[in-house]
Each structure stands twice: as structure tokens, then as C-alpha cells.
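Number of protein chains: 2
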Amino acid sequence: MSEAAPTGDELVRVLATLANPHRLRVVAVLVRERNYVSRLARELGISRALLQVHLRKLEAAGLVSAHLELSEDGKAMKFYEVNRFVFTLTPEAIAAAAQTLTIPHAVERDGEEGSRS
Amino acid sequence: MSEAAPTGDELVRVLATLANPHRLRVVAVLVRERNYVSRLARELGISRALLQVHLRKLEAAGLVSAHLELSEDGKAMKFYEVNRFVFTLTPEAIAAAAQTLTIPHAVERDGEEGSRS
DNA sequence: GGCACGTGCTAACTTCTCTTTGCATGTGCA
DNA sequence: TGCACATGCAAAGAGAAGTTAGCACGTGCC
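Protein chains in written order, with UniProt numbering: chain A, 1 to 117; chain B, 1 to 117.
Among the hints, erroneous ones may be present.
If chains are identical, the list can't say which one is meant, so a pair holds when it fits in one copy or spans any two.
What the hints assert, rightly or not - The calculated lysine to any residue pairs, modelled on SDA-like cross-linking and capped at a C-alpha distance of 25 Å, are: (1) 78 with 92; (2) 78 with 95; (3) 78 with 50; (4) 75 with 61; (5) 78 with 91; (6) 57 with 44; (7) 78 with 90; (8) 57 with 101; (9) 57 with 8; (10) 75 with 47; (11) 78 with 12.
The hints are simulated quantities; they were obtained by calculation from the structure and are not laboratory data.
Generate coordinates for the entire structure from the input sequences, incorporating the hints supplied.
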């Protein structure tokens, strides 16, 4: 996931996903070590239901991965870990990504009838 | 604005600002050349009122700058241009930023696991 | 069985964001 | 004076996002 040139839609999704304090904290915790949902919720001090929503978004954006595993005592636990990724935000990179946005707005240049000039 | 280590709040604001197709296109157009509001709106094919809202957010995030100037025929025109900025998004950078988030969630780690349910 | 722990889901509420619509101001020019 | 162009702002609706609460399922163990 080392981004060389993300598409506009992809970039929008990633940025929207990371533009949230909860999800930033989730990434921060997962960087240290992989973790399963319930424990992660406890460490972050948020409800499990809320965490799941954020984890789903992070996963949808490709920033984290989930692995369902069975613990020694037979309990199903869903482990999450962060993926490697590098997104570099500069005006130029953004301009390039913007060109690939779907549903592009009309950039028509017809009515050039300025009263002045 | 070459970010060495943005704060969590700052990062969230920048990401939230850039996570929008319209604003990405605005940056793309302004990278090529500075422009004033009305013309920018025409080129992007969106209403002026809508563009102003987006420009305000971009400016609030420090990504663009505005300069009010008078044209030859005396009309007041507000020119916008993009600022230089570099934000590098990696799991580690995000983890670092997350540590500086205000209104941090309680990350308590004691035997407070009550069965309140 | 009942409790503690893990998972999943959804309905419903609140809050925020986006977008449109409308009106206000000012200038230059035919 | 009236039109074309520039600016500004705010109310209000529509839609998306965030959050809570509640229920479902499964396992191991006293």
C-alpha cells in the first residue's frame, strides 16, 4: 500500500477516514501491537459498537486488516493490525489526484463574453 | 507550512478539509494559477456561494491564502493561491499525532473492569 | 444454569456537513 | 438609471456521519 499516485476517489476516502480523532487513536494503538476488538475498546475507553464502526471504515479504506483467530480457550477473536502505507500530501499531488476524480464537474469554457477586457 | 510534526487536531482539520472532491479540485486549479472567486466558480462549474464555503475551509486549514486586490477598472477581487505544504501520512506519523490530540480519551489501565451491564 | 468473555448486527437518535436560495453591498459603463 | 460584474452573509433543507442502546449468537468455567 505504498501509494505512488492514488486516485482522487481513493485519496478522498483515505483522508475522510483519517480525519477522525477516534480512528487516529485506533491506528496509534494498533501500531504498537495488534489487538482484538473488545480489548481495543477497553484501552481506548469507547464502546465496542462504536469501535467496530470505526474499524470497519479503516478497513474499507485499506488502512488496517482483520484476522479472525481462535484463542487457546476456544473463543473467536478478531485481531486487527495496521497496514503499511505512505501518503504524501502536497499541492501537486493533490492536483494530480483531482484529475482522476469520478463524476468530474464540467470545466466548460464557452461563454467568454466578458463586458470588460 | 512544511509540516515536520503536526498536532493531532491540526492534522484532523487538514485531512477533513482535503477529504472533499470540490476542495481537491479547487486546489488543483489554484496550483496552476492564482484565481479570484467568481472566475474560479465558473471554471469549476459550481455556485459562488458554495465555492466560498469551501475556500473558507481551505483557508482555515492554512492550505490557501486570500488577497483582496483592486482590478484596473476598480473592482474589488479576492485572489486565492495555494500555500506550500507537505504532509506525510504513515502509521507512525499518525500515531505520533494522535498523542497530541486534545480532549484525549481516558486510557486507564486498572482493575476497573466492572460488570455494569 | 448462570456468569464472564468473545463476536455480530440494527434501529434510532443526535450532530455535523454540504448545498441551495436569497438578499445585501459596491464598482464601471452604455 | 439599469445592467454586468465583483464581493459578502445567513437561513434552511437534505444528506451523511457519529453514537448509543439493545438484542442476537457462541465458548469456557464454577
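Numbered hints the structure breaks, given as an ascending list: Hints 4 and 11 are the ones this structure does not satisfy, whereas the remaining hints hold.
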